[in-house]
Amino acid sequence: MRVIRALWGSTHPGPTLVVTALSLALGLAAGLEPWRLVLLVVAVFSGQVSVGLSNDAIDAARDEAVGRRDKPIAAGVVSAGGALGVAVGAVVVALVLSAPLGAGMLAAHAVALAAAWAYNAGLKATPFSIVPFVLSFGLFPSFATLSLPGGAPAPAWAGIAGAALGAAVHLTNVLPDLDDDRATGIRGLPHRLGARVSAVVAAAGVVVGALSVLVGSSAGELGDVPVVGWIFFAAAAATAAATGVRVLVRPPDRTVFRLVMLAALLLAAQLVATGGALTA
Numbered sequence: 001m002r003v004i005r006a007l008w009g010s011t012h013p014g015p016t017l018v019v020t021a022l023s024l025a026l027g028l029a030a031g032l033e034p035w036r037l038v039l040l041v042v043a044v045f046s047g048q049v050s051v052g053l054s055n056d057a058i059d060a061a062r063d064e065a066v067g068r069r070d071k072p073i074a075a076g077v078v079s080a081g082g083a084l085g086v087a088v089g090a091v092v093v094a095l096v097l098s099a100p101l102g103a104g105m106l107a108a109h110a111v112a113l114a115a116a117w118a119y120n121a122g123l124k125a126t127p128f129s130i131v132p133f134v135l136s137f138g139l140f141p142s143f144a145t146l147s148l149p150g151g152a153p154a155p156a157w158a159g160i161a162g163a164a165l166g167a168a169v170h171l172t173n174v175l176p177d178l179d180d181d182r183a184t185g186i187r188g189l190p191h192r193l194g195a196r197v198s199a200v201v202a203a204a205g206v207v208v209g210a211l212s213v214l215v216g217s218s219a220g221e222l223g224d225v226p227v228v229g230w231i232f233f234a235a236a237a238a239t240a241a242a243t244g245v246r247v248l249v250r251p252p253d254r255t256v257f258r259l260v261m262l263a264a265l266l267l268a269a270q271l272v273a274t275g276g277a278l279t280a
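Residue 1 is where the sequence shown starts when you use UniProt numbering, and the numbers rise one by one after that.
By construction, these hints were calculated from the structure, which means they are not laboratory data. A portion of the hints provided could be inaccurate.
[As the list claims (entries may be wrong)] DMTMM-like, lysine to aspartate or glutamate: derived pairs with alpha carbons at most 20 Å apart:
(1) 71 x 253
(2) 71 x 181
(3) 71 x 221
(4) 71 x 180
(5) 71 x 179
Because the structure is a prediction, the values reported are computed rather than measured.
Model the full assembly from the supplied sequences, consistent with the hints where possible.
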């Protein structure tokens, strides 16, 4: 049980569960029938487990060098090789479960997972560290629409919203670790921009995502947006403002990342509550 808890702790449980919840919300918004919805959610969960585990397994030596005893692999509770083996198994499960949902879903999920693993394997240390997040999150809304019979990619506005949120997730996720990362040779885009600039750009990304959902889900007719749509938009905008203000008045911490993840959940909830036209 200790090893199982350690493996779960190495999956980055918070983001894993949030992204899984997003897949559920998008599947509901797309009107997936129950068996397709279950396959989608479990496939996304398995994929996120693989991404989180591979991240900590690949970073084990760096985490140990900076004394990250909160990381189970760096603390020696579970081996990096063992975690990487489970990560490979999880990515296989994710792709196997994606296959019955159609070739489009399988291809999109494979590309997104390949981008995430590429980030873990080395892109995180380059100025292009943001690219896997923009690509993966930009594809994410299409997971639901491609899982429909005869599925097609999600509308452009949904992809824009996903990509903008992906950028915000990346720019805020690494903020508390900037110094540790620099000490171990990691200099991705947020490290080059600095904490405050990264947080401001992330807040702008949240606003772009919120506007994309608001305009796109109403087919451009803002007068037709129901009250609940404006409430969710206002909540997401307030979250973006809080993200920017937080990093201006306090040292960067996990709170700014949690605010961005909250914004993602708000936008997904808006799609479900307003009957957002993912399949239009």
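Checklist entry - Going straight from one Cα to the other, do residue 71 and residue 221 come out at no more than 20 Å? => result It is violated: about 48 Å lies between the C-alpha atoms, which goes past 20 Å.
Item to check | Hinted pair residue 71 and residue 253, Cα distance within 20 Å | outcome: 17 Å, holds
Checklist entry - Has the given pair, residue 71 with residue 181, been kept, meaning a C-alpha gap of at most 20 Å? => result 15 Å, holds
Item to check | Given hint residue 179 paired with residue 71 - CA-CA distance at most 20 Å | outcome: 17 Å, holds
Checklist entry - Does residue 71 pair with residue 180 here, judged by a C-alpha cut-off of 20 Å? => result 13 Å, holds
Of the numbered hints listed earlier, the single one contradicted by the structure is hint 3.
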